[in-house]
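All chains, please: the whole structure from these sequences, using the hints.
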Amino acid sequence: MQQIINFLIRYKIFLLYLFLLLISCIFTFQSHSYHQSKFLNSSNYISGSIYTFSDNVTSYFGLREENNKLVEENKRLRDKLFNNVVLSPSLIDSTTIDYEVVRGRVINNSYADQRNYITINKGKNDSIVQDMGVITDKGILGIVENTSDKFSTVQSILSDKSNINAKIKNSNHFGSLVWENTTDYNVVQLIDIPRLVPLTIGDTIVTGAMSSIFPENIPIGTIKRFDLDNSKSFYFIDVELFNDMTNIGYIYIIRNLNRKEVLELEAETEAND
Amino acid sequence: MINSTSFLIVLRFILLVLLQVLVFNKLNFFGYINPMIYILFLYWYPIKQNRTTFIILCFFLGLCVDIFSDTLAINAATTVTIAYLRPTIMRFVFGVNYEFQSFKLNNSTKAQQFTFLALLIIIHHLAYFTLEIFSISNSLLILQKTLTVGVSTLILGILFSTLFSSKKE
Numbered sequence: 001m002q003q004i005i006n007f008l009i010r011y012k013i014f015l016l017y018l019f020l021l022l023i024s025c026i027f028t029f030q031s032h033s034y035h036q037s038k039f040l041n042s043s044n045y046i047s048g049s050i051y052t053f054s055d056n057v058t059s060y061f062g063l064r065e066e067n068n069k070l071v072e073e074n075k076r077l078r079d080k081l082f083n084n085v086v087l088s089p090s091l092i093d094s095t096t097i098d099y100e101v102v103r104g105r106v107i108n109n110s111y112a113d114q115r116n117y118i119t120i121n122k123g124k125n126d127s128i129v130q131d132m133g134v135i136t137d138k139g140i141l142g143i144v145e146n147t148s149d150k151f152s153t154v155q156s157i158l159s160d161k162s163n164i165n166a167k168i169k170n171s172n173h174f175g176s177l178v179w180e181n182t183t184d185y186n187v188v189q190l191i192d193i194p195r196l197v198p199l200t201i202g203d204t205i206v207t208g209a210m211s212s213i214f215p216e217n218i219p220i221g222t223i224k225r226f227d228l229d230n231s232k233s234f235y236f237i238d239v240e241l242f243n244d245m246t247n248i249g250y251i252y253i254i255r256n257l258n259r260k261e262v263l264e265l266e267a268e269t270e271a272n273d
Numbered sequence: 001m002i003n004s005t006s007f008l009i010v011l012r013f014i015l016l017v018l019l020q021v022l023v024f025n026k027l028n029f030f031g032y033i034n035p036m037i038y039i040l041f042l043y044w045y046p047i048k049q050n051r052t053t054f055i056i057l058c059f060f061l062g063l064c065v066d067i068f069s070d071t072l073a074i075n076a077a078t079t080v081t082i083a084y085l086r087p088t089i090m091r092f093v094f095g096v097n098y099e100f101q102s103f104k105l106n107n108s109t110k111a112q113q114f115t116f117l118a119l120l121i122i123i124h125h126l127a128y129f130t131l132e133i134f135s136i137s138n139s140l141l142i143l144q145k146t147l148t149v150g151v152s153t154l155i156l157g158i159l160f161s162t163l164f165s166s167k168k169e
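Chains as they are written, first to last, in my numbering: chain A, 1 to 273; chain B, 1 to 169.
Wrong hints could be hidden among the right ones.
What the hints assert, rightly or not - Simulated DEER-style distance windows between Cβ atoms: (1) Gly62(A) / Asn3(B): 37 to 45 Å; (2) Pro215(A) / Asn3(B): 25 to 33 Å; (3) Lys124(A) / Thr115(B): 45 to 53 Å; (4) Ser135(B) / Lys224(A): 20 to 28 Å; (5) Arg76(A) / Lys110(B): 56 to 64 Å; (6) Arg76(A) / Thr148(B): 35 to 43 Å.
Claimed, not checked - Derived contacts from chain A toward chain B, CB cut-off under 8 Å, selection only: (7) Cys25; (8) Asp113; (9) Thr183.
Keep in mind that the hints were calculated from the coordinates and are not lab data. Note that CB positions come from ideal geometry on N, CA and C, so glycine has one too.
As structure tokens, then:
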């Protein structure tokens with residue numbers, strides 16, 4: 001007994017080190033495989049407030065550019081509106097819509113890590129919950145991961161955990177959008193597209209219909225380069241993003257009003273198997 | 001005396017975390033170079049203090065940076081590692097000298113200070129990128145990131161340490 005206590009006293013620094021290292025390694029490996037820990041992320045109150053403060057200061061420098069982007073988007077939407085000759089009342093009726101959009105702003109952005117997260121200034125108070133889609137005026141950005149009362153963290157598409165259903169525009173061949181070459185933040189990869197699909201460089205990639213997170217046909221990017229993968233039966237496609245991931249200001253968060261129903265139905269079907 | 005030292009340490013802790021997350025994490029020089037300047041906390045920390053508190057403080061330093069940058073516990077793990085290894089590194093750099101009561105970081109030569117900081121940075125960055133990338137097939141990427149980010153941290157670290165070196169102490 002005496003010896004055990006002596007041993008503990010002599011190596012207490014080393015044991016403390018091992019203990020702390022173990023704690024941090026557990027956190028690390030958890031975040032590799034599961035959703036992040038609920039409180040220890042940048043959507044908590046303190047870090048959220050600090051990032052909001054910093055964003056309040058820095059956002060003034062980009063106001064003109066943000067304005068231009070918004071005017072550009074307004075123009076695009078107006079083009080669509082005016083060409084849609086009869087504005088059907090069902091577009092306005094709230095009982096028939098499938099998606100609702102919440103406007104938000106990025107207060108912290110990262111794109112140089114392996115798993116990048118974006119912090120936004122909307123949270124539970126605005127009914128943001130996990131697994132809602134986040135887009136910008138140009139294309140998709142990511143999926144909500146954690147929420148606090150006033151803030152949320154978004155798992156960016158620039159993350160090796162990200163996996164989003166995507167397809168080639170005007171066809172129904174779908175694949176998975178992943179980020180494998182994790183050094184280039186303007187290019188993501190589309191995999192699992194069969195080799196019989198005709199492709200050309202410059203084709204547009206949009207979100208697919210298989211996801212209950214994003215609506216169909218949200219733009220993602222264009223094909224930059226494509227090649228067959230190791231199995232020689234699927235393409236490995238480099239997709240250049242429409243979004244400049246280094247410069248993101250205002251964002252839209254998409255709530256799929258049917259998501260609960262879809263998930264319940266799928267769970268029921270699986271349970272019956 | 002004790003109070004003023006602890007106050008200085010707490011102030012350094014807060015300022016370095018804020019500086020790291022608000023300025024240097026957003027630098028993205030050449031797309032991915034974000035110097036990890038908060039390591040200077042370990043460089044400046046008094047030598048004669050209790051090692052247990054030092055290691056615990058370093059753990060929380062890493063954890064704070066982790067919470068802000070959503071890299072949960074990678075920074076904490078690596079910072080604890082270099083906090084544990086610091087006496088070994090110091091013995092290697094300064095020889096037995098550093099165990100004397102009169103030893104001060106300012107009294108050592110520039111070359112010794114430089115080596116001390118460089119060793120802290122190399123070990124920290126190597127461990128950090130190994131944990132972050134976590135695959136042997138990407139070991140070239142780990143080395144490349146360690147080297148480039150390490151050099152930028154080193155340059156900034158030397159600048160900061162000369163800028164804020166206290167001649168009075």
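Check your understanding: Where does the structure disagree with the numbered hints, that is, which hint numbers, in rising order?
Key -> Number 2 - this is the single hint that the structure violates.
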